[in-house]
Amino acid sequence: MSTITGRAASTRRPFNFGRWFRTTGWRHVVGVIVVIFSLFPIVFVVSSSLNPNGTLTGSNALFSKIGLDSYIRIISDPQVPFTTWFANTLIIAGITAVCTVFLGALAAYSFSRMRFTGRRMGLITIVVVQMFPQLLAVVAIFLLMSAIGDLFPAIGLNTHVGLIMVYLGGALGVNTYLMYGFFNTIPASIDEAAKIDGAGHARIFFTIILRLVAPILAVVALLSFISSVNEFVIASVLLVDTEQQTLAVGLTKLVSNPRYADWSAFSAGAVMAALPVMALFLFLQKYIVGGLTAGSVK
Amino acid sequence: MSTITDDEVATEPERKPTKRQREAARIADAASGGIKVILGKILLLAIVDALALYAIFVLFLNDQWLVLGLVAVVTGIVNWIYFSRRKLPAKYLTPGVIFLVVFQVFVLLYTGYIAFTNYGTGHNGTKEQAVSALMSAALERVPDSPTYGVTVVEQPGTGTLGLLVTDPEGDVQVGMNDAPLAPVNGADMEGGKAVAADGWTSLSFQQVLGRTDEITSLAVPYSDDPNDGAIRTPDGTSGYLYVSTLEYDEAAATITDVATGTVYSDIGTGAFTSEDGEELMPGWQITVGADNFVRAVTDERLGGPLLYVTLWTFAFALISVATTFFLGLFLAIVFNDMRMRGRKIYRVLMILPYAIPSFLSALVWAGMMNESFGFINEVLLGGASVPWLTDPTLAKVSVLIVNLWLGFPYMFLVCTGALQSIPDELQEAATVDGAKPWAVFRLIKLPLLLVTVAPLLIASFAFNFNNFNVIYMLTDGGPRDTDAPIPVGFTDILISMVYKVAFTGQTRDYGLASAYSIIIFIVVAVISIIAFRKTKALEELN
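Sequence order for the protein chains is A and B. Position one of the first sequence corresponds to residue 1 (the working numbering), numbered consecutively onward. Position one of the second sequence corresponds to residue 1001 (the working numbering), numbered consecutively onward.
If you are wondering where the hints come from, they were derived from the structure by calculation, not from laboratory data. A hint or two may mislead.
Said to hold, decoys possible - Covered stretches of chain A (chain B as the covering partner; in silico rule of three or more C-beta atoms under 8 angstroms from a C-beta of chain B):
(1) 17-28
(2) 66-80
(3) 90-98
(4) 102-110
(5) 158-165
(6) 207-217
As the list claims (entries may be wrong) - Facing chain B, according to a computed beta carbon distance under 8 angstroms, are these residues of chain A, among others:
(7) Gly31
(8) Ile33
(9) Pro52
(10) Thr84
(11) Ala87
(12) Leu135
(13) Gly149
(14) Phe152
All C-beta atoms, glycine included, are put in the ideal place defined by N, C-alpha and C.
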């Protein structure tokens, strides 16, 4: 629509570069500069990942060599359990995202649809408690998990279940608040109609409400997934064995000294690690934009 | 629209339902939930109860009565909630609240408790553990010790090593690290030395060679009294008596160094301390009151770093929010022009930094900013050696640049959304009234925009205040401040300082780290309360 009017305007009058530049041309200049700024680290890492055997210095000549050797190297290196890290990350972040959405949606539903004593207090408490980020309590979490591990090794220190449980401590919080706002926009008359038709609260929640709020569920799931993939502090403290670690912990240790590290192999790992997150992000992009602004734009 | 529904929901249940209404609701509820739902509920509760029973059993075996009681009570409450016909909100809130209470509220309180202890390296056990560790660490060979004939034996089943000892008089005894020497009857003798005993497997010469490290670290107590010393063997064939150079007097709670005569006494600081202040390590864990807080603030060598780290944390968070917001806003305005072509492509390319996990981007930037090998110095600046990450000031600038790169796409998205929600009529009306574009923006659009994005700016500030990843992955807090007694650097923010005090370096000081955590929490809480008051964000909750 917009492009059509633009074209119509330009065909009517002879093309005038000066006027074009003053209205939209300079915007392209800004756009190109920003795109270069955004892309150049990405181009750099893709280029060095394709460099068959590059160090950091060797990676500076962009796209001088092309080959998939470094990808094979990082996947098959027995010292670097990259595929295990990858699987650990996807499992931990995936389960955390699903559970966070579920727990958060349950809470948001009750806050949005039911009226009970302590409801307002509960909402405020959830927002306020979250001001204390979990990573500040990392010492206490470490000591708690090692105490649990002494009695129940399956869910204590150095286990994925333990880490996921710690992450789920943050399931109620900003996410619930975001979902609560969205739930409120679904008219309550829908619930009532279903109630008259004989549906119980559980059926209303699972079969009607959850479908209607799918966009915000997708946003919260993605945000939770990305934050678990990114989480370093708690994962590095709780996951002791190399085999148990996540990408954030493993890859960081791998290039703790970029000068001597196998930079190409790291780059290959980084590209592979970024791809699923990026794909999800671009796929859900329009929901995310809506979700981010949902909290602010009333 | 949304407020209307809110009001509808809000006003309706104010009236208490009558008895008949409640009855009707119960019947409807029962009729709606099929047999499958009920079975599913019972199955889930059965699993929860089975796990709880198992936990109670394990806790019972370990004498953890307090935790056992808590697990039992919580399980009871959970059953009550889900079998009850009412308690509807609780059914939806319980699962999340349990995790919230354990992993947010409890750890917060526990952090507060640790902040008042000396927990950390050298202070992580009980006093008894400290005494036995001290005594066995100070073992020294008795100068005129007779030579004991020794055979290394293994306890079948456990694989634990022990020593079969023949003393100069020919008496045979056997013992292990945690079992003092005890007499043995009917041992096989060979050349005046016992070589095998019932219930033990003797190690062959080859096996002795293979387990040298284990054997030389054996210290079999001579008797029940730790002051009597222990038998150790340097080669697996002959042993000597070793006596601790320390002497423990339980009644007086003192440890005396036999060699020097120094008396170390328990003066309530969690370690045996001599009169001139020398401490024996390891010590044990005690409550130290507000010492950690006092130390963090008043100790000159700690107070200095705390001050500049706090200032930098505020500067970092504020500048990060400001730069990302203004760049994002500028770009949102630039690309908010319908006449411009290819806006979608620009947008997708621009938000890519936001789509990549930030720990990866920060590591890549760290590589590119490397002083002697990085892309920026080598290629963009033609071989210059700008100390991007190693100069205190420049490292701060680098951190801000990288955080700008990471953060501007988010602000761009947010500002685009907010700008589009401002009606075009406002601009038209202002233009008709003769306002210039800049005035329209400054006086009309910006205030409207700020109203909507202010909560997000506060959230962004809070996020950057604790933005551990960027700092840790990019500079690791460095360059290191060599004057400080804790491993702190010039780009460290408070949260990365806590992590370093607690988990890196030679000495881990959990108590001090927790005290820092509490200080940060108070700072963040105060800022948030002020910010929420100003923006009235919480008051809008209904």
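Structure-based check of each hint:
For the region 17-28 of chain A, the stated coverage by chain B is satisfied: 4 residues place a CB nearer than 8 angstroms to a CB of that chain, which reaches the threshold of 3. Here the region 66-80 of chain A counts 0 residues with a CB under 8 angstroms from a CB of chain B, which misses the bar of 3, and the coverage is violated. Residue count for the region 90-98 of chain A with a Cβ under 8 angstroms from a Cβ of chain B: 0. That is fewer than the three needed, and the coverage hint is violated. Residues of the region 102-110 of chain A with a Cβ under 8 angstroms from some Cβ of chain B number 6, which satisfies the need for three, so the listed coverage holds.
Given as covered by chain B, the region 158-165 of chain A fails the check, having 1 residues with a CB less than 8 angstroms from a CB of that chain where 3 are the minimum. Coverage of a stretch by a chain is defined here by at least three residues with a beta carbon nearer than 8 angstroms to that chain's beta carbons; for the region 207-217 of chain A and chain B the count is 0, and the condition is violated. The criterion of a C-beta within 8 angstroms of any C-beta in chain B is met by Gly31 (chain A), whose closest approach is roughly 4 angstroms, and the hint holds. Checking Ile33 (chain A) against chain B by beta carbon gives a least distance of about 10 angstroms; that is not within 8 angstroms, so the hint is violated.
At about 18 angstroms, the closest approach between the beta carbon of Pro52 (chain A) and any beta carbon in chain B exceeds 8 angstroms, and the interface hint on this residue is violated. Checking Thr84 (chain A) against chain B by beta carbon gives a least distance of about 18 angstroms; that is not within 8 angstroms, so the hint is violated. Hint status for Ala87 (chain A) relative to chain B: violated, with the closest Cβ pair at about 16 angstroms, above 8 angstroms. Taking 8 angstroms as the C-beta contact cut-off toward chain B, the hint placing Leu135 (chain A) at the interface holds, the least distance being around 6 angstroms.
The interface hint given for Gly149 (chain A) is violated, since its Cβ lies 12 angstroms from the closest Cβ of chain B, which is over the 8 angstroms cut-off. A distance limit of 8 angstroms between C-beta atoms decides the matter here; for Phe152 (chain A) the minimum to chain B is near 7 angstroms, and the interface restraint holds.
Checked against the numbered hints given earlier, the structure breaks hints 2, 3, 5, 6, 8, 9, 10, 11 and 13 and satisfies all the rest.
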